[in-house]
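Chemist: Each chain is listed here by its residues.
Number of protein chains: 2
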Amino acid sequence: SANVQQKITPWKIFPTDDESLLSKQLTLSNGKSREDGLIVVASLIDKAANLGGLCRTCEILGVSRLVISNKNFIENREFQSLSVTAHKWIPIDEVVRVEELEEYLISMKQLGYSVVGVEQTANSADLTKYDFAKRSILLLGNEREGIPVPLLKMVDECVAIPQLGTIRSFNVHVTGAVLIWEYSKQH
Amino acid sequence: SANVQQKITPWKIFPTDDESLLSKQLTLSNGKSREDGLIVVASLIDKAANLGGLCRTCEILGVSRLVISNKNFIENREFQSLSVTAHKWIPIDEVVRVEELEEYLISMKQLGYSVVGVEQTANSADLTKYDFAKRSILLLGNEREGIPVPLLKMVDECVAIPQLGTIRSFNVHVTGAVLIWEYSKQH
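Chains A and B, in that order, give the protein sequences.
Residues in the first sequence are numbered consecutively from 425, following my numbering.
Residues in the second sequence are numbered consecutively from 425, following my numbering.
Treat each hint with caution, since some may be false.
Pairs count within a copy or across copies, as identical chains cannot be separated in the list.
To be verified - Distance condition first, Cα-Cα at most 25 Å in a straight line; then the derived BS3-like pairs of lysine-lysine:
{"no.": "1", "residue 1": "LYS553", "residue 2": "LYS533"}
{"no.": "2", "residue 1": "LYS456", "residue 2": "LYS577"}
{"no.": "3", "residue 1": "LYS471", "residue 2": "LYS533"}
{"no.": "4", "residue 1": "LYS533", "residue 2": "LYS558"}
{"no.": "5", "residue 1": "LYS448", "residue 2": "LYS512"}
{"no.": "6", "residue 1": "LYS533", "residue 2": "LYS609"}
{"no.": "7", "residue 1": "LYS558", "residue 2": "LYS577"}
{"no.": "8", "residue 1": "LYS609", "residue 2": "LYS553"}
{"no.": "9", "residue 1": "LYS558", "residue 2": "LYS609"}
{"no.": "10", "residue 1": "LYS471", "residue 2": "LYS609"}
{"no.": "11", "residue 1": "LYS471", "residue 2": "LYS456"}
{"no.": "12", "residue 1": "LYS558", "residue 2": "LYS456"}
These are computed hints drawn from the structure, not numbers from a lab.
Full structure from sequences and hints, please.
Modeler: The following block contains the structure:
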């Protein structure tokens, strides 16, 4: 059939002639290029509020690209209320959760990216001691399910924030913010 | 008149015999005491969602006490949905925004606390280089107005997160989370 799924290729993900990128803020206030940093993959996240908030945080901290499962989220009122226009200033890619994400990660690893899964596992590295590779991808988990096992097997390392209290886990936007902050201090 | 405002006194703020505290999680999973750390003052924050989220983050990161302007927030559905029961495990004090906050901060400074205002000012310290005193109070600003000038004059120092993008400021819960994270790494 001609109706096969298209391969995700680096040049599909990183178009060089995408006019929509022309309006993005690719030079950061510290003079560095936004394109030369962390990629945050939020395709597993379901809630528009978390995605909109994350978009705002990514924009401010100089994240290179934000990846979400469906660009329709950007039109969502709650997304926009929390993003406060951040989505206009940072490149946002669409990589569909189940179908394409695995292939996307493989593709990015071939480009030299290190995939960091944000998840509490028995072997998770402690964020207080973690050195991020310059070319890093932060894979955030779903609000309820975390990172599904097939994807967990693909990450280069899992990293977790040490938790001292009774509640078991942070809001995913907060977790993302703390990890992005740590990355941005290191690079 | 007998109807004068009561003074805020340390023993009013830190009751030794408050039964409601008995259910709180005062010993953290790292063996330290929750009582011996950071106090987060969120009395200037208006949105129940921000307060509930902050409560969750404070609980997990071992914050000593959370201060809000009105304990009725705890009954708010949105607060509870974001707090995910955190309010049951961390001491929460009520210090009314305008009337009592100034006096509360004076009182705490007399107890040796350093008041850190989370605000972007010309003289704000850069969070990447900031050393928190063990006895620190984090004063978070209002969502729209930030920290009002009279309170800004009372802080020992302002601290800000370096911002690289186009959007001007973080969500207050995210700002709080990143500063609490930095504190918790240092102490």
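Chemist: Let me make sure I understand: some of the numbered hints might not hold for this structure. Which ones are they, in numerical order?
Modeler: The structure breaks hints 2, 3, 10 and 11; every other hint is satisfied.
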